[in-house]
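**Q** Residue numbers (my numbering), protein chains in the order written: chain A, 1 to 216; chain B, 1 to 616.
Derived by calculation from the structure, the hints in this document are not laboratory data.
Any given hint could turn out to be false.
[What the hints assert, rightly or not] Just some of the chain B residues that point at chain A, by a computed CB distance under 7 angstroms:
#1 R10
#2 Q13
#3 Q16
#4 G24
#5 V30
#6 P250
#7 L253
#8 D536
#9 A560
#10 I564
[Said to hold, decoys possible] Ranges of calculated distance between the beta carbons of each label pair, as one might list FRET restraints:
#11 A:S192 x B:E533: 27 to 33 angstroms
#12 A:D146 x B:K103: 58 to 64 angstroms
#13 B:D35 x A:R46: 55 to 61 angstroms
#14 B:E419 x A:Y39: 33 to 39 angstroms
#15 A:D75 x B:E9: 36 to 42 angstroms
#16 B:K103 x A:T163: 33 to 39 angstroms
#17 B:L613 x A:R34: 40 to 46 angstroms
#18 A:D146 x B:T415: 54 to 60 angstroms
#19 B:D35 x A:T209: 35 to 41 angstroms
#20 B:R87 x A:L137: 48 to 54 angstroms
#21 B:D568 x A:F43: 50 to 56 angstroms
Glycine residues also receive a C-beta, built at the ideal position from the N, C-alpha and C atoms.
For reference, the chains in residue letters:
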Amino acid sequence: MKNVRVWFQKIGTVKYISHLDLTRCMARALKLSRLPVWYTEGFNPRIYMSFAMPLSLGVSGERECMDVRFMEDADLTEAASRLRTYLPEDLSILEMTEPLMTFESIAFAEYEFRIEAEEPSQLAETIDRLLSSDSVLVKKHSKKGDREVDIKPSFSNMKKSITEEALVLQVPLPCTLEGSVNPNLLLEALKSHCGLDLYAQIIRKRLLTKDFSDIR
Amino acid sequence: MDMYPKEVERLLQKVQKPGRYVGGETKSVVKDKKDVDVRFAFCFPDLYEIGMSHLGIKILYGAMNEIPYFWCERVFAPWVDMEAQLRENNIPLYALESGDAVKDFDFIGFTLQYELSYTNVLNMLRLAGIPLRSADRTELFHIVVGGGPCACNPEPLADFFDIFFLGDGEEVDIEVMELYRQCKKEGRDKHNFLLRAAQIEGVYVPSLYDVEYNPDGTVKAYFPKEGAPAKVRKRVVNDMDSAYFPESFPVPLIDIVHDRVSVEVLRGCIRGCRFCQAGFLYRPFRERSIETIDKHCRAMCASTGYDEISLSSLSTNDYGRLNELLDYLHRWTETEKVSLSLPSLRVDNFSPELMKRVNSVRKSGLTFAPEAGSQRLRDVINKNVTEEELLRTVNVAFTEGWTRIKLYFMIGLPTETMEDVLEIVELGKKVVDAFYRNKEKPKGKGVEVSLSAAAFVPKPFTPFQWFGQDTMETLQEKQRGLKSGNHSKRVNVSYHGAQTSFLEAVFARGDRRLGGVLENALNRGLHFDGWDECFDFDSWMESFAVCGVDPAFYATRTRAFDEIFPWDHLDYGISKEFLQEECRRAYEAQTTPNCREACSGCGAACFKGGLCLEKR
Chain A
1 MKNVRVWFQK IGTVKYISHL DLTRCMARAL KLSRLPVWYT EGFNPRIYMS
51 FAMPLSLGVS GERECMDVRF MEDADLTEAA SRLRTYLPED LSILEMTEPL
101 MTFESIAFAE YEFRIEAEEP SQLAETIDRL LSSDSVLVKK HSKKGDREVD
151 IKPSFSNMKK SITEEALVLQ VPLPCTLEGS VNPNLLLEAL KSHCGLDLYA
201 QIIRKRLLTK DFSDIR
Chain B
1 MDMYPKEVER LLQKVQKPGR YVGGETKSVV KDKKDVDVRF AFCFPDLYEI
51 GMSHLGIKIL YGAMNEIPYF WCERVFAPWV DMEAQLRENN IPLYALESGD
101 AVKDFDFIGF TLQYELSYTN VLNMLRLAGI PLRSADRTEL FHIVVGGGPC
151 ACNPEPLADF FDIFFLGDGE EVDIEVMELY RQCKKEGRDK HNFLLRAAQI
201 EGVYVPSLYD VEYNPDGTVK AYFPKEGAPA KVRKRVVNDM DSAYFPESFP
251 VPLIDIVHDR VSVEVLRGCI RGCRFCQAGF LYRPFRERSI ETIDKHCRAM
301 CASTGYDEIS LSSLSTNDYG RLNELLDYLH RWTETEKVSL SLPSLRVDNF
351 SPELMKRVNS VRKSGLTFAP EAGSQRLRDV INKNVTEEEL LRTVNVAFTE
401 GWTRIKLYFM IGLPTETMED VLEIVELGKK VVDAFYRNKE KPKGKGVEVS
451 LSAAAFVPKP FTPFQWFGQD TMETLQEKQR GLKSGNHSKR VNVSYHGAQT
501 SFLEAVFARG DRRLGGVLEN ALNRGLHFDG WDECFDFDSW MESFAVCGVD
551 PAFYATRTRA FDEIFPWDHL DYGISKEFLQ EECRRAYEAQ TTPNCREACS
601 GCGAACFKGG LCLEKR
């Protein structure tokens, strides 16, 4: 048995499906592909799949990954193209590789925000001002109830660029098996602190180790 | 590839379950508009998750899209949050495949599954920006059509629709679309198209019939105009083996109600339960062969990747060679890790052998529908299930390890007394007792029996079509009796909706005068009436009052045998004499044998197909 890391993108229409729905789609596609995947043992055998990091609903992922197990050797390039034919375009397979690191080594995820604005430079200033306060508290809804988190430390390492109609931000956010920072918190902060109801495309570009290199 | 309109993108961030509104599923059919002559918007007047679970839409979607110059796309009712966003941003309702507005389509087709979806039908037309009334759509375009069980009495919707399809839809839809295509080419007008459509079997054009009413409000007569048939006969597909069945369907990306492959094994039902409209509407009983079912199952699994197949029909237990069918399918389903399930189980056909073949049944719970608590009342409704059979069945279930049993009942059935209602609770207790007496029951577990009681709604084309529904007060009294009659901790009693059942009864046997009420209700913002969070009974009653229509006239009035009904000009093959005879037998608590035991001469033999032709 061999571990195989499947790299995929979750963009366009597919960014609107939940993590659970994603697992269902992948299972159906793997079944159709007839790749030699390993099924869990038990009363209801299921295809073994282990996803690195769930993505928030509405956030695109350009280089996501999950692990499966192959029962026999297979050409990974061919396997990737076979699986690709059974998935929607927006949930395309990028490649399959032999995993070199475990998911425990994921420490950050690089996010890109494309925030629509008539005056992107003005918005950039607003964000700078917001993040220059001692702390930026945002209400976070969770199953355990609402609590306040300070997003300032997570969002301080931000690169900004300006296009005609949008402000583009790039920032690595903490992203680990123990917990992650939801990128939507930035928009929440701009809403609650600055009264701005903004529309942004949020893209998770890639998953990173603690020294900001790519997960492999 | 995002097909939905660009403006929708930003709305999706603000609504629940945006995956409902984006399309993009594998196996959804996207065509090039240049190659398409006729576009059909298949509208399901409920949420995506409900509509995508429906087998009929899959069959018709496949049948239409097989033809290169037709393109059928899907449209579902947006939930209230999305509807508000669409309205606020002036975005018209759009179809999922192309993202094009519904108002760009030639046909707008609705499936009419349930009376309480009528406001959703009108609301979808309004969201699409299409005039509601047929008379206000004068061009040969925006042809609004409907089919499904409620088409058997579509009169409350008659003013809004151009065409209703009666009976099996897979052939007649295509024929009408072909006619439209031809009329377009010939430069005909809408009226000419409708006149010609009315000549096709299974097509009802309501505008070609005038109605006169008696002073007491009942129907005096229907007058067909311009050569329209005096009686419109439903369409029947006799040979189920050659009938169209899709090889694939759009595979939803989000979780839906029935997230599995559904293969139709038979059409119709042999039972003749007197309350059940479907049991009469879909006669004659027609089975697909084992080989055909096997072929459909294989094709569907191979194209969709699902690992569960539901063998679907009104009563799959009545498939003549069910065990043989399951064994035949097991030749490949086990190695392919595909499980089989049956949509419903009959009390009198439950065995360990069957359960072993249907490996997907979870140990969590089993559901049966005795429908009535007392034997007398079960005879009245011709349910033909005995208490002994039920107790034997639950004993088998307990021995096999089940501990949760759910039983469905109806209250408000004809001739029902409070004693009959209380027998429901008694039956629940007997099931509990059977558990404790069973020596092979699962160790260390208690039994849970749920009794669920729905309110009976009399429907057209059943032996109870003359019956005045119990008033809401009577129903609520019976519900209270049911609840207070139960003292067992092991038995849980629930019931639902006297008010929704009343409204359902009004529209089930309604006439054209209800069209105004529907429009008024729509203007009050009433929709999703089948959903508790949207149902507003008081507002409905105001609608009736404003329109000067008495809802009780339709729901609770008992009709005379000689009354002319608003659906009498529609012919489902079932004779009125047969239904009257069945009604008489019901009141005498006499049962009628099922179609396999003996033919009772219902009239469906006129279609010359299925079980009606077999020797018994």
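**Q** Now, for every hint given, state plainly whether the structure supports it.
**A** Here is what the structure says about each hint:
1. Of the supplied interface hints, the one on R10 (chain B) holds, with its beta-carbon coming within about 5 angstroms of a beta-carbon of chain A, less than 7 angstroms.
2. Because the closest C-beta pair between Q13 (chain B) and chain A is about 6 angstroms apart, less than 7 angstroms, the hint holds.
3. Violation of the interface hint for Q16 (chain B) is found here, the shortest Cβ-Cβ separation to chain A being roughly 10 angstroms, above the 7 angstroms cut-off.
4. For G24 (chain B), the interface hint holds, since its Cβ comes within 7 angstroms of a Cβ in chain A; the closest pair sits about 3 angstroms apart.
5. Using the Cβ-Cβ criterion of 7 angstroms, the hint placing V30 (chain B) at the interface with chain A is not satisfied: the shortest such distance is roughly 11 angstroms.
6. Interface hint status for P250 (chain B): violated, as the beta-carbon distance to the closest one in chain A is roughly 10 angstroms, over 7 angstroms.
7. Because the smallest distance between the Cβ of L253 (chain B) and any Cβ of chain A comes to about 5 angstroms, under 7 angstroms, the interface hint for this residue holds.
8. Interface hint at D536 (chain B): violated, since its Cβ lies 30 angstroms from the closest Cβ of chain A, which is beyond the 7 angstroms cut-off.
9. Using the Cβ-Cβ criterion of 7 angstroms, the hint placing A560 (chain B) at the interface with chain A is not satisfied: the shortest such distance is roughly 55 angstroms.
10. For I564 (chain B), the interface hint is violated, the least distance from its beta-carbon to any beta-carbon of chain A being 52 angstroms, above 7 angstroms.
11. Range check, S192 (chain A) to E533 (chain B): about 28 angstroms between beta-carbon atoms, so the 27 to 33 angstroms window is met.
12. Distance hint check: the CB atoms of D146 (chain A) and K103 (chain B) are about 43 angstroms apart, inconsistent with the given range 58 to 64 angstroms.
13. Between D35 (chain B) and R46 (chain A), the C-beta spacing of about 41 angstroms breaks the proposed range 55 to 61 angstroms.
14. Checked against the given bound of 33 to 39 angstroms, the beta carbons of E419 (chain B) and Y39 (chain A), roughly 54 angstroms apart, lie outside it.
15. Checked against the hint of 36 to 42 angstroms, the pair D75 (chain A) and E9 (chain B) passes, with Cβ atoms roughly 38 angstroms apart.
16. A beta carbon spacing of about 35 angstroms between K103 (chain B) and T163 (chain A) agrees with the range 33 to 39 angstroms that was offered as a hint.
17. In this structure the supplied range 40 to 46 angstroms holds for L613 (chain B) paired with R34 (chain A), their Cβ-Cβ distance being about 43 angstroms.
18. In this structure the supplied range 54 to 60 angstroms holds for D146 (chain A) paired with T415 (chain B), their Cβ-Cβ distance being about 56 angstroms.
19. At about 51 angstroms, the beta-carbon gap between D35 (chain B) and T209 (chain A) misses the expected band of 35 to 41 angstroms.
20. Distance hint check for R87 (chain B) and L137 (chain A): the Cβ-Cβ separation is about 35 angstroms, which falls outside the suggested range of 48 to 54 angstroms.
21. Against the hinted window of 50 to 56 angstroms, the Cβ-Cβ separation of D568 (chain B) and F43 (chain A) comes to about 55 angstroms, which satisfies the hint.
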